[in-house]
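Please take these sequences and the hints and turn them into a complete structure.
Be aware that the sequence shown starts at 68, since it is given in this note's numbering, and climbs by one per residue.
No wet-lab data here; the hints were simulated from the structure. Note that the structure is predicted; figures quoted are calculated from it, not measured. It is possible that some hints are incorrect.
Claimed, not checked - Simulated DEER-style distance windows between Cβ atoms:
| no. | residue 1 | residue 2 | range |
| --- | --- | --- | --- |
| 1 | 146 | 198 | 26 to 32 Å |
| 2 | 170 | 148 | 18 to 24 Å |
| 3 | 190 | 90 | 29 to 35 Å |
| 4 | 174 | 153 | 39 to 45 Å |
| 5 | 128 | 205 | 28 to 34 Å |
Claimed, not checked - Derived SDA-like pairs (lysine to any residue); straight-line CA-CA distance at most 25 Å:
| no. | residue 1 | residue 2 |
| --- | --- | --- |
| 6 | 138 | 95 |
| 7 | 74 | 91 |
| 8 | 74 | 168 |
| 9 | 74 | 181 |
| 10 | 138 | 190 |
| 11 | 74 | 165 |
| 12 | 138 | 116 |
| 13 | 74 | 154 |
| 14 | 138 | 103 |
| 15 | 138 | 110 |
| 16 | 138 | 184 |
We treat Cβ as the ideally placed atom computed from N, Cα and C, and that holds for glycine.
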Amino acid sequence: MDNAASKPLRLTLHAPPVADPARRFAVTARFTNTSGHRVRLLDLFDPLPVFFITDLAPLGDGEVDVAGMGKIDVAEGSLHYVDLPSGASFEVELDLAPWIRAPVVPVPHRLSMRYHNAYGTDCFHGSLDSTAITVSIGPGGGRP
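Dropping the structure here:
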């Protein structure tokens with residue numbers, strides 16, 4: 068996954084070591100305004116599969132099944148937004164654990180995410196791809 072240079076936002080990820088991905092798999096998604104003007108971002112990221120496609124795979128071979136894609140019904144008056152001046156960032160904490168549908172082996176994994184939004188008005192619509200990061204998965208990893 069790769070961001071196009073013409074996109075006004077950059078998506079980067081950070082994830083601390085994960086002891087037990089069946090209980091908690093914390094990821095911080097950072098949106099940075101790389102344009103020369105204000106960018107308005109919808110402040111809604113849950114349920115995660117509506118807004119993110121997750122690519123999680125052990126280093127080497129294989130992949131982990133993570134729920135992706137969905138739709139929600141939202142009333143325009145209930146939406147909130149974040150205004151990002153040029154160069155500013157906004158971070159959101161995500162938890163992948165509820166959306167992982169397969170065992171996660173305790174080895175390092177490659178993680179990348181694609182943010183996609185079609186909701187709201189006068190805000191960023193489209194998709195953003197993060198670069199891949201490596202996440203350390205501890206010995207408690209996996210679903211029973």
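Quick rundown of the hints versus the structure:
no.: 1; hint: 146 / 198: 26 to 32 Å; in the structure: 29 Å, holds
no.: 2; hint: 170 / 148: 18 to 24 Å; in the structure: 38 Å, violated
no.: 3; hint: 190 / 90: 29 to 35 Å; in the structure: 33 Å, holds
no.: 4; hint: 174 / 153: 39 to 45 Å; in the structure: 40 Å, holds
no.: 5; hint: 128 / 205: 28 to 34 Å; in the structure: 20 Å, violated
no.: 6; hint: 138 / 95; in the structure: 22 Å, holds
no.: 7; hint: 74 / 91; in the structure: 31 Å, violated
no.: 8; hint: 74 / 168; in the structure: 32 Å, violated
no.: 9; hint: 74 / 181; in the structure: 13 Å, holds
no.: 10; hint: 138 / 190; in the structure: 18 Å, holds
no.: 11; hint: 74 / 165; in the structure: 30 Å, violated
no.: 12; hint: 138 / 116; in the structure: 9 Å, holds
no.: 13; hint: 74 / 154; in the structure: 13 Å, holds
no.: 14; hint: 138 / 103; in the structure: 32 Å, violated
no.: 15; hint: 138 / 110; in the structure: 16 Å, holds
no.: 16; hint: 138 / 184; in the structure: 10 Å, holds
In summary, the numbered hints that this structure violates are 2, 5, 7, 8, 11, 14.
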